[in-house]
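Number of protein chains: 8
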Amino acid sequence: MNSDIKKLLQDVKSGNITIEEAELKLKMKPYEDMDYAKLDLHRGIRQGVAEVIYGAGKTSEQITGIINAMLKNNQEVILVTRMSEDKALEVGKSVDLKYFKDARIGLVGDFPKPTGIGKIVIATGGTSDIPVAEEAALTAQALGNDVVRLYDVGVAGLHRLLDHMEDIMSASVIVAIAGMEGALASVIGGLADCPVIAVPTSVGYGAAFEGLSALLSMLNSCASGVSVVNIDNGFGAGYLASMINHMEAK
Amino acid sequence: MNSDIKKLLQDVKSGNITIEEAELKLKMKPYEDMDYAKLDLHRGIRQGVAEVIYGAGKTSEQITGIINAMLKNNQEVILVTRMSEDKALEVGKSVDLKYFKDARIGLVGDFPKPTGIGKIVIATGGTSDIPVAEEAALTAQALGNDVVRLYDVGVAGLHRLLDHMEDIMSASVIVAIAGMEGALASVIGGLADCPVIAVPTSVGYGAAFEGLSALLSMLNSCASGVSVVNIDNGFGAGYLASMINHMEAK
Amino acid sequence: MNSDIKKLLQDVKSGNITIEEAELKLKMKPYEDMDYAKLDLHRGIRQGVAEVIYGAGKTSEQITGIINAMLKNNQEVILVTRMSEDKALEVGKSVDLKYFKDARIGLVGDFPKPTGIGKIVIATGGTSDIPVAEEAALTAQALGNDVVRLYDVGVAGLHRLLDHMEDIMSASVIVAIAGMEGALASVIGGLADCPVIAVPTSVGYGAAFEGLSALLSMLNSCASGVSVVNIDNGFGAGYLASMINHMEAK
Amino acid sequence: MNSDIKKLLQDVKSGNITIEEAELKLKMKPYEDMDYAKLDLHRGIRQGVAEVIYGAGKTSEQITGIINAMLKNNQEVILVTRMSEDKALEVGKSVDLKYFKDARIGLVGDFPKPTGIGKIVIATGGTSDIPVAEEAALTAQALGNDVVRLYDVGVAGLHRLLDHMEDIMSASVIVAIAGMEGALASVIGGLADCPVIAVPTSVGYGAAFEGLSALLSMLNSCASGVSVVNIDNGFGAGYLASMINHMEAK
Amino acid sequence: MNSDIKKLLQDVKSGNITIEEAELKLKMKPYEDMDYAKLDLHRGIRQGVAEVIYGAGKTSEQITGIINAMLKNNQEVILVTRMSEDKALEVGKSVDLKYFKDARIGLVGDFPKPTGIGKIVIATGGTSDIPVAEEAALTAQALGNDVVRLYDVGVAGLHRLLDHMEDIMSASVIVAIAGMEGALASVIGGLADCPVIAVPTSVGYGAAFEGLSALLSMLNSCASGVSVVNIDNGFGAGYLASMINHMEAK
Amino acid sequence: MNSDIKKLLQDVKSGNITIEEAELKLKMKPYEDMDYAKLDLHRGIRQGVAEVIYGAGKTSEQITGIINAMLKNNQEVILVTRMSEDKALEVGKSVDLKYFKDARIGLVGDFPKPTGIGKIVIATGGTSDIPVAEEAALTAQALGNDVVRLYDVGVAGLHRLLDHMEDIMSASVIVAIAGMEGALASVIGGLADCPVIAVPTSVGYGAAFEGLSALLSMLNSCASGVSVVNIDNGFGAGYLASMINHMEAK
Amino acid sequence: MNSDIKKLLQDVKSGNITIEEAELKLKMKPYEDMDYAKLDLHRGIRQGVAEVIYGAGKTSEQITGIINAMLKNNQEVILVTRMSEDKALEVGKSVDLKYFKDARIGLVGDFPKPTGIGKIVIATGGTSDIPVAEEAALTAQALGNDVVRLYDVGVAGLHRLLDHMEDIMSASVIVAIAGMEGALASVIGGLADCPVIAVPTSVGYGAAFEGLSALLSMLNSCASGVSVVNIDNGFGAGYLASMINHMEAK
Amino acid sequence: MNSDIKKLLQDVKSGNITIEEAELKLKMKPYEDMDYAKLDLHRGIRQGVAEVIYGAGKTSEQITGIINAMLKNNQEVILVTRMSEDKALEVGKSVDLKYFKDARIGLVGDFPKPTGIGKIVIATGGTSDIPVAEEAALTAQALGNDVVRLYDVGVAGLHRLLDHMEDIMSASVIVAIAGMEGALASVIGGLADCPVIAVPTSVGYGAAFEGLSALLSMLNSCASGVSVVNIDNGFGAGYLASMINHMEAK
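Chains as they are written, first to last, in numbering that gives the first Met the number 0: chain A, 0 to 249; chain B, 0 to 249; chain C, 0 to 249; chain D, 0 to 249; chain E, 0 to 249; chain F, 0 to 249; chain G, 0 to 249; chain H, 0 to 249.
Bound-form chain A, shown alone:
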């Protein structure tokens, strides 16, 4: 806690401890007071609007406990990712929770009003990429973004993508999600003039090798402005997209 360092410095000033003792304490616990992360939250993140809980590997009791603690702390929007339907049912008994089955996401409170620079477009190559896309979309919405969904616009049917040129040209950030068709990121990257976050998915069979093919394809994109996150990492893409969409001078 910040109060710890303050206390220490006050003790030094008042002579309660020697300078040498204070020096030792400070060297050994340098970050104890930083407090910008919280142990129980999704990979230790916090970004104003919403709190995110990583549901995988947590029991429904633990999830309920964390949500209640947050609510007491006046947190208005809470997102729980990677939560099975079973856990959602259990948690929903004592908490007012909306559950999004496709995305395996639970929401407490309402999506906040969008506060970002512009719109985030979430595009998928096929319909089987939708669960990952919804994880990205709901994450972005919970973090205060206006989200446009363009699903099933894979490059093998280019006209479906081109029908949405207006969305693509007016996006602030685009999340391009595709399994076999890693090509989607390259094509969108070439059409758009905003950052494109590519998410390979483990969808596909044979030489798709659980997402490896899409991953390599996306990393090799010749379009500028494209970067890649881990296979199936919808949350990471949604979070980064929100971060970029909220850029402001420090």
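Simulated from the structure, these hints should not be mistaken for lab results.
The beta-carbon is built from N, C-alpha and C at its ideal position, and this holds for glycine as well.
Chain E side only, calculated, beta carbon under 7 Å to chain C, not exhaustive: (1) 56; (2) 210; (3) 229; (4) 230; (5) 231.
A few chain B positions that, by computed beta-carbon distances, are all more than 10 Å from chain C: (6) 9; (7) 12; (8) 59; (9) 60; (10) 68; (11) 70; (12) 74; (13) 84; (14) 85; (15) 91; (16) 99; (17) 100; (18) 106; (19) 112.
With chain A held as given, fit chains B, C, D, E, F, G and H onto it using these hints.
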């Protein structure tokens, strides 16, 4: 030789050898007489219009020898693939050889008149894919095809490709050649309604992994009608394209 | 829709909208009117004779719905690929569906009369490759092709393959399907003088690595005229074979 | 060209061509007039301040020609990436070019004044990552960004990184470049609250496998806000960082 | 059948068919008569003493059918490999079958008397390699070999192996089977002066990568006289060992 | 047995066997008498304080049998690793066994008093790495070590790790266990001045590739004093840590 | 040395040392006296007829020295493998050495008379596999085998292979060497009824991946009696073939 | 510097700065004063006896400069690793440097007296592993260890290794270095009862895959007490071995 089997049968008829002896001979050398391939030619192929010699690993003397044998045999068009410039110079001293440096191909005689069903389009993602593309294009030309070259139409700049929709829509076969941008095959496969032969190239760096990324990407193409040949195998693609472009009832 | 562009041009002519407005609209929605693909169909393909529905990831209700829409549209032959037996039973309750268990394919209507240039030969290395082979064979049949099945003709027992030389020599296109024995494509490629589409299968154990071994082996085939599709992609091979077998001048 | 569509629409209006003819033309060449990209430029990009030429695979004559065309076009800042020292010398004979040897980058004109939201921090794990870092840094500078370099702050000597907490906390975007130490991206991602672009480098030996180890490590980063570009792709990272640092409402 | 060729030759001799007709027939069906393989048998093998049926993918009815056909044909020893316990129970209802659970092998008849040059030693690195070892051992026994089992003699406890030096020194062929400890093949190869057949197994976890580690390790053995078969291929090793142990002049 | 060699030498001395006979016997059974390993124990290890049984692949009867044999032999502490809960229940019926569910370890007797040089720190990147960590920790405790657990101190939240600098600085050996965050080993290796044993875990998804990413990352650690064991090999790390923590002059 | 053990036993008998001292000595140096291998020879092998020296990494002086030592020891045939032409020239100055450039092998003395059971057939898929084949062939000849060379009989031109059925049917052992066409081993394995040693070569390009494709293909051979050695390991194959061809009762 | 924190605390005490200012400063530069590492040294290490400079990527001027700075600082033993012979010659002009060509290591001063607990044994599988072994050995010697070299004791000639049982049994730490023969680590790990550090080398060809085979093999060692460092990382192994050999209570 066919004459061998004939001879054997005549010997049987005339009683020169017994049925049992003939039976043994036939079992042991069943294919001796088929003669549809030739040892010194490019992977044993022959297709009317032109002969193709695989130049890699052959000395200029050997290449010259084979060409001369073919010429005596009234072969009018001869293509030598994977031939270094040095060898071409050497062979050119005694043979009337046109050398195509990019494609590392030598040509004896003139390209024959196109006899195929329609046109073969050869498209590349970038300019560095051109050597492989030229190997494909010249092979197809030497085998009697009308070839249209669409180079540097990679998907990161989609308009360049779409500018050539007419070529794509009117092609009989398309060869899609790309390194990092394996996406080209998917996009073309989705636009065209003819067979697409995808050739991954070893162009690129980092996670391109010597063509592996493009190869996997092409194998996973969601577009129908796409198949893949080995990395950098321009000859194979050109040959297959010609074969398809000359389909006829047997 | 085509009517959209026409309408726009009429508006320009009649002065309803300015040239500048029309220009903008056209740039932003260039393909809106092409309509050569249909969202709900198998990777957006259509080829006269039959419609193909990709069954994986669709509920039996969705499949039934699409089939009924097609039937109303006077579509006479409909193929549903990658459909589990359960779904087939469910769909069969309200639709007249023949189910092919091996191939996991459902058929509405009858196979059309063959209209191709010649015959398509489907060959497999072993008996465990048959499900993939049947997917290829039924696809080709539904698209109007005469199909010859040569199953279990793997190269470790060469005589079984050579017993069928006549089929191989008279084929228009050959689909060579093999798991551990990727060799089949090379051997057939060397014997035949028509295009060979190689399909690696995930059959095998140990160093077969889920089809990777067969895939690499087929890509490295020294025979000319051989190309490769994704592991287990029987549909893709059957579709491409049909496309080649229906080649004609445009 | 835009004038093409305009002309077409005028022809429709004036009755020079029929509506049907215009409709066909529009369908076949939808993008001919978009002109947001230029064939000869670095992956077809353009972003106000500077033009970028991809030098690899271009002769010094070609590079000189493109530069001169740009200069005539009043382009004030031109960056040439992946240019060998030899070519730089050659180009420098007729063009006023500053050459940055480490980054293999040539610059015509002066770096523009920074116009971004904040600062871009470029951090490397070791000294051997510096060439890639300089490619990123100079690209970002040429595109109008204030760049802070933190080199050799690998995680095996954490204090070196922590000594620069102030830079990290005040960055708008961070580019984290590392070979063996892919860990750098995770650690910085955990410390910073801005987007982090991770660039794996091919530095290292043995199980570094030409950058594969760092690539996988970065993709698996548990920190939020981290995305990855291709191995050694300093330009891509610098370009994307600039894009994010210039975010504004559309 | 042989009788076919004989018949043909007789027809030629008697003038029933012309030489040309016979020539054509012979070219088209060259191997029809060779008969050295049988379709229903294990990869088409046959080696005097025993017949082997590959049980995987065959129903118990099929297996029973084949066994009965063989028995009628006076085959005295029949081995069924890769047979589940369920199938064995089923087959055992109508056939006198001994089932070896570990090896998943069924035996009809008795093991023949050993007829080989010497003894075949089957060694394993651990106890979990025993199922593969038993497949090898029983195969070898069924083919007429004297088999010595040395199980759990992995190199991490070298004395266990060295305790059996006499067996190793007196072996005709050694089959070295190991998972994580691919080292076994090298060590045995260095100690023995007979052919060593190495079988990697998929035993192990983590970086064992399903047998890949052991496979690579065995291929890199520095000992002479070592060769490798597929992961878990006990049958293949036992069959080859028997073949070597029955070497004789032809 | 040792008595064997002694007996042999006595026989030589007494003239019961000739020198030549003894020589032969000695050459053929050189290690028969070494007896430093025991067949039924965990990879043949033994280290004073405790015996370790590798539970995987052993029945509960076998485990019970071995434990009883050890108890009769006055062994006071016995650890059973990789034991399922079912087996533990079964074994617990006749043996006084404490079962640690997370670590899948059973303990007979009490943990001995620590006898090592200092403390062993077991650190994990996340909470999902805890089962592997507990395997390491309990193994080390059973072998007589003082163990400090630092769980969930992954590098994406660096302050959690730095909060425990005192533990890290005072450790004798550190075991760093991490899945996606292979970075942990590098960071700890840079902070600590004692041997660090890195254990990659198969935790994670996508490009974590079952632990491969963490494994490569750890092998490439730039920190000195870091070495790596197999993926998920908690036992191996705990055993090695104990060995190092008990170093003494021989 | 054997004399050491003898000496020890004599000392025991004569009472020069105690039984306990002897026991200790014997336990610590068990193999000191075995002497079946020689440090400077090719992987410690020796097989009657010829000695083999592994030339790679040895200077021409070292090679000359070893040869002279062997000659003094009355060794009549000496083979030096992996020897560059330069070294051969140098060694040839003082030693009567025949050099085989293709195989990079040097021979002192004459090839011995064949003493094996039958003939060893060495077959290659293409002409580029010949260097590896010659290493195998000359090794086998130097070890006393009758060798038949069948080069360039790859499966893409099956008739070339079938033309040599007689050689294949009468072989004692076959070495099948192929790069891209790993298929050769399967096809030969299916035709022959003798052991087949498969050697993948690093010949080929693209997806041949330096021999990996051929290696996997050969390991997956469905033919019985096939085993595999390391990529390009001609010596190993020739040595093993000779071992099998000299099988005899012990 | 420590003086910085002291100064700050004194300023707080004396009221020169406010508690709040001090708090901020301390949070932002927590580690500025730790000083346990030095930027220019080998991966920031320091261990009493010797300083180590990582020579790769440093000019001879830089190396000379660092050495001189160290000498002025009274450093008596300095090791320069990964230094080419050229640089050594250059550095040697102004500094008294012994150069070890095999290990590519330069030494200033004399090796210190051994101070470790016992002996470090460095063992290699073959002679080509010696450069890596010498890097390990000289590093260990420079850090004050008694080193025993056991070179060319690969497991294919087990007697060579067993001849040195006494060395192995009496070692404090063993470094096992091997390329193709990754088996060495397992065998030594099974024989010894001390920590074994395994170093895979990139020696070998074909399926050795630049050290990958040995790396996997070593990670899968069934022997306890074995851990692995990066391919060819002799320095890392020597450093870790020294660290273990100097274990003492803190």
